[in-house]
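A.B. asks: Chain by chain, the residues:
Protein chains: 4
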Amino acid sequence: MAGNTFGSLFKLTTFGESHGRAIGGVIDGCPAGLELDLEMIQHEMNRRKPGQSAIVTQRKEPDTVEFYSGIFEGKTTGVPIGFAIHNTNQKSRDYSHIKDSYRPSHADYVYDQKYGHRDYRGGGRSSARETACRVVAGAIAKQLLSNININAFVSSVGEISLDTPYHELDFSLTESNPVRCPDPAKAAEMEERIRQIRKEGDTIGGTVMCVIQNVPIGLGEPVFDKLHAELGKAMLSINAVKGFEYGSGFEGAKMKGSQHNDIFNADGTTKTNLSGGIQGGISNGMDIYFNVAFKPVATIMQSQDTINKDGEIVEMTGKGRHDPCVVPRAVPIVEAMAALVLADYYLMNKTIKI
Amino acid sequence: MAGNTFGSLFKLTTFGESHGRAIGGVIDGCPAGLELDLEMIQHEMNRRKPGQSAIVTQRKEPDTVEFYSGIFEGKTTGVPIGFAIHNTNQKSRDYSHIKDSYRPSHADYVYDQKYGHRDYRGGGRSSARETACRVVAGAIAKQLLSNININAFVSSVGEISLDTPYHELDFSLTESNPVRCPDPAKAAEMEERIRQIRKEGDTIGGTVMCVIQNVPIGLGEPVFDKLHAELGKAMLSINAVKGFEYGSGFEGAKMKGSQHNDIFNADGTTKTNLSGGIQGGISNGMDIYFNVAFKPVATIMQSQDTINKDGEIVEMTGKGRHDPCVVPRAVPIVEAMAALVLADYYLMNKTIKI
Amino acid sequence: MAGNTFGSLFKLTTFGESHGRAIGGVIDGCPAGLELDLEMIQHEMNRRKPGQSAIVTQRKEPDTVEFYSGIFEGKTTGVPIGFAIHNTNQKSRDYSHIKDSYRPSHADYVYDQKYGHRDYRGGGRSSARETACRVVAGAIAKQLLSNININAFVSSVGEISLDTPYHELDFSLTESNPVRCPDPAKAAEMEERIRQIRKEGDTIGGTVMCVIQNVPIGLGEPVFDKLHAELGKAMLSINAVKGFEYGSGFEGAKMKGSQHNDIFNADGTTKTNLSGGIQGGISNGMDIYFNVAFKPVATIMQSQDTINKDGEIVEMTGKGRHDPCVVPRAVPIVEAMAALVLADYYLMNKTIKI
Amino acid sequence: MAGNTFGSLFKLTTFGESHGRAIGGVIDGCPAGLELDLEMIQHEMNRRKPGQSAIVTQRKEPDTVEFYSGIFEGKTTGVPIGFAIHNTNQKSRDYSHIKDSYRPSHADYVYDQKYGHRDYRGGGRSSARETACRVVAGAIAKQLLSNININAFVSSVGEISLDTPYHELDFSLTESNPVRCPDPAKAAEMEERIRQIRKEGDTIGGTVMCVIQNVPIGLGEPVFDKLHAELGKAMLSINAVKGFEYGSGFEGAKMKGSQHNDIFNADGTTKTNLSGGIQGGISNGMDIYFNVAFKPVATIMQSQDTINKDGEIVEMTGKGRHDPCVVPRAVPIVEAMAALVLADYYLMNKTIKI
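Residue numbers (the working numbering), protein chains in the order written: chain A, 10 to 363; chain B, 10 to 363; chain C, 10 to 363; chain D, 10 to 363.
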């Protein structure tokens, strides 16, 4: 089961390497009759693309999506939506430093071991460039689920953490700063931290929180395909992610049942929401919220020892234009993957009752 | 896509409710020619079963597995392995308190909303009783992967946390105490905490850590079916799980790249292992380790307000024999799900090169 | 992808060998709230079971289904329906003649070659006994699709062919004779032919036609999962099937477009139906009809040369009680598989439009 | 389960409409390290493309494949192979005759009913143009299975049938004539028949036979995914196919077991091969052979009555350049689908034994 397809009914299959001719994909199962706003799709792409601000990689990739099929007279037709994003950045660069050597904490070594033959240019298939395709599909999924609000934002950069409960935040401020943190003061702190880390030739990790509101009750397919299990897989499949927690998360493991239980109101809503909007793997109508941990980018502008194909120790220094911190650009990716999961489960849920 | 199948090549499909006639399943795709140790399977079942110690639920369920097919003269034949565990505990109890009322932080309400008609007895399909089937299949997966060592253990109960790095622990001590913590002193503390919480009629959360050693390099199917993404989904699909992190996990999000990178040794191993044995979604031969957070059990022996089907507020007190803390019994379940993931990816990896 | 699951949304997974403890399966994805008539299910089983008439195998297998889960208070709950049929015919017989020798035109040889280790008793997994599980699931699918009429019948036995167009037949007569041919005169001829062939210690092939009426327009998922493609696969997966054709079938290949085109009536129905109720892989509301060819049973009561595991030529004569002709018992199996396909595609079609 | 993916391990997902910007697809699961002959792929495309001879449609479509990913330095890398074929024939034609009217025995009507919104230009997604993508993937599958020989050829056009047993044919002659029949005399007869039918403004059906030689023993995944069942589905998914039979096929249904059984030679081969190279759904190493029936093309150059969207009867005459008989161009498509099935089952079979 080659792993380049996500979803069962709303299904995305992607292809493409960082420095190949194009990346792209096929969205199969998008219902017919959906009026598509193509500008909104490109807008989502722009939120992810390199070079958008001073604190992300300065590579220039226009990331323009071309749709090949599945859309006719502005509406989906129910047949597969094929698309491609041509790589304009394919110039024959000098890759000798990664052709035969394995960058520490990158996938170079395991790709070579697993496949025996790899496209080493810019990380090839293991590059986060592939996430652009997820954003395309996620943008369409968002349009399918126009009643559901999906808002991700940066909740920490390194040790700097946004501790305000999410319902006290104004999500409309998320895009007001390059960090994508809806608290402007915290955002400034985070931005400063990222600038500093970049000067050091280093990188730093962070977390992204995602809040999903107005979800219909009933999404989720126990016992294995619980809604949060698929959300977790979706997030963990994003490059650099090390952890996922929803609702009370790891803090919940420290609590007592009498503290943790969400007591019902008469209308089926709950007074608290430590459950994070999901019970037994099924959405209960309350807000879904979760945290995603991203490790620091492995490419640093400092000299490190590493090994080459012959098992010799060699010295390596990062080249090219890399992100000092991925979380600002990860925000739209987290939203996209959440949208893909919800679209899939929304369609599945249509088949549950006679 | 009804969600009761796990895996693609080594594939488990389960059925069964807490108080129905039987639970069971079908394991399809187990390779032929595997000599099966049936006692080992039952032994794994016994590690999960109720009533095994003073700090778990005192229900009596023998949990005896009957195999119906797929095994002949002691060896697998490559055809599906059907099995059932008959429920001996089906006595017509008084379920009136949960028939029409929804227990807080249980799945009763969402099952009713999603399916319209549910078996309310003992939680029905949403009961953790279904995990017994996972343990059966996991025990077979472990036998398939006899070279790989999978060791889970309790790493915290409430605020009591085992902070010793795992490589300083002696896993052979895990089964020496009812908590399943390999540090006897911590285990005693945890046990005491659980006894006390039970006296209070309350419950408490905890975490389980799992360490997988001697994994071949190359398991994992990017970009969506990364090894840790599937492990995450597997763990999150277990009842009561709220979070998953591997390698550096959420701590990694606070680190700098210069601290976090795992520098290679000449033989391809790494000096540190913040990556947690997985790079770019593919095992790199180092130890895989991850943490799983479990919330406190929702059924408490204290009175709580809740609602009934008519949306009236009613008072409810937990009945029956429930676990004050699930983590001791969750240890074999975590191991089983890890084994299922690895077995599946091990088979997939046979198809990757010409 | 071990091949023991059929369907995507209405999904049957089966297990079991001819002479193991039990055969059975799991039906996952049956919508919740379906009132099940269990007697009808057993009735369908009885149509398939051995010993039902003088012209089928005289083995005695009661084929009683036990349901383990998924049904509560007479209705489906939307969770998996587990079931088993215990083999009562497991007596330790003498299998020495097939333990080490390979019966001609049976699967013994290829199972040994593929799996290396096989349950040789009564054909093991390759026995048509597994089709009993298909009939169980098909009976439930029929109940889900209560508006759709699925009628299969024997259309030929050897050279004796029923050439009456299906719309001139009275399907209520199908069960009036042991052959399951709705034309009593032809049925008598066929029955006589089967009796004679049995006396010769020989077997004979035949065909089953299936007519599906009142199908909603729109079922089918091009381009690969066309409705007739999945029906074809479903039929070809039944033991002994050698061919499938729908609508005009092989005769259609001899025709001209001007003869073959089905001209529309104003209401979207067509004046003729050479298309067989499916256009471009999607049901058009007209009757779906198809033919299925079954080869003669390979076990004959005559001496044949064959080989043993050591590649030596040995003589073999069929033992046991076998069908001289499978088509009478194949009728309910064909209907069951058709019902499974339709149920699956009926659910899929709920997800196609916004 | 939107139906645009074929295969489980060697997996093709396609997109594209007849007159959209491009058709294309993603091949996921092709093993790494396969040296690809791109000219051979284009050669296979040319066998399918329009305008190749006087007896097929005279449309001009160069059908040039562009590969976007998955191939590096001439070899597959194990990651998805994305490709596109740009439609050069997109000129804004006059489609008014099919925009609002439904062509008889075409999919126009059912697409409108199922999806509610369709790309009517040139048949949109229901056009056989999509089969070009199958030929691309099939050509790669053939290269993966370089030891297996897959030879399809035209076995009948209308009533003109090639009755020579396939082992008396010289497959190297298949490409020697525009009909793709390896018997030059029959080919001439068939060609003449097609020319005549075209003059009449009519079309005619035909059959394609396919012979697969040198297949390893053991391919096939009972009980549902039998090798011939998947081959049958593969063939039935091709546009215009009405029937599939393998080995003795429908003739086998008339035979007696004593005639039909294939008696073993000492080496496990069989003296006859009525089984068609498959026993119990698993290849037995003998030649696999099957027949595929194609209906006459529905678009004829004669006036026919049909209906429009408003249910009014309107007159319609075929426009454009259409095939008078599809079987010559279907030959490479049949081979491609056969190759896809075999590649998938070849990979699956690597996971069967410990």
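FYI, nobody ran anything at the bench for these hints, they're computed from the structure.
Do not take every clue at face value.
Any copy will do: because identical chains look the same in the list, a pair fits if it lies in one copy or spans two.
As the list claims (entries may be wrong) - Below, a list of computed lysine-lysine pairs in the DSSO-like style, where the Cα atoms sit at most 30 Å apart:
hint, residue 1, residue 2
1, K108, K265
2, K208, K84
3, K362, K265
4, K84, K362
5, K84, K265
Treat the numbers as computed from the prediction; the structure is a model and nothing was measured.
A.B. asks: Next step is simple, just say for each hint if it's right about the structure.
C.D. replies: To see whether the hints hold, each was checked on the structure:
| no. | hint | result |
| --- | --- | --- |
| 1 | K108 - K265 | between (53 Å within a copy, 25 Å between copies) |
| 2 | K208 - K84 | neither (47 Å within a copy, 40 Å between copies) |
| 3 | K362 - K265 | neither (36 Å within a copy, 45 Å between copies) |
| 4 | K84 - K362 | both (29 Å within a copy, 12 Å between copies) |
| 5 | K84 - K265 | neither (51 Å within a copy, 37 Å between copies) |
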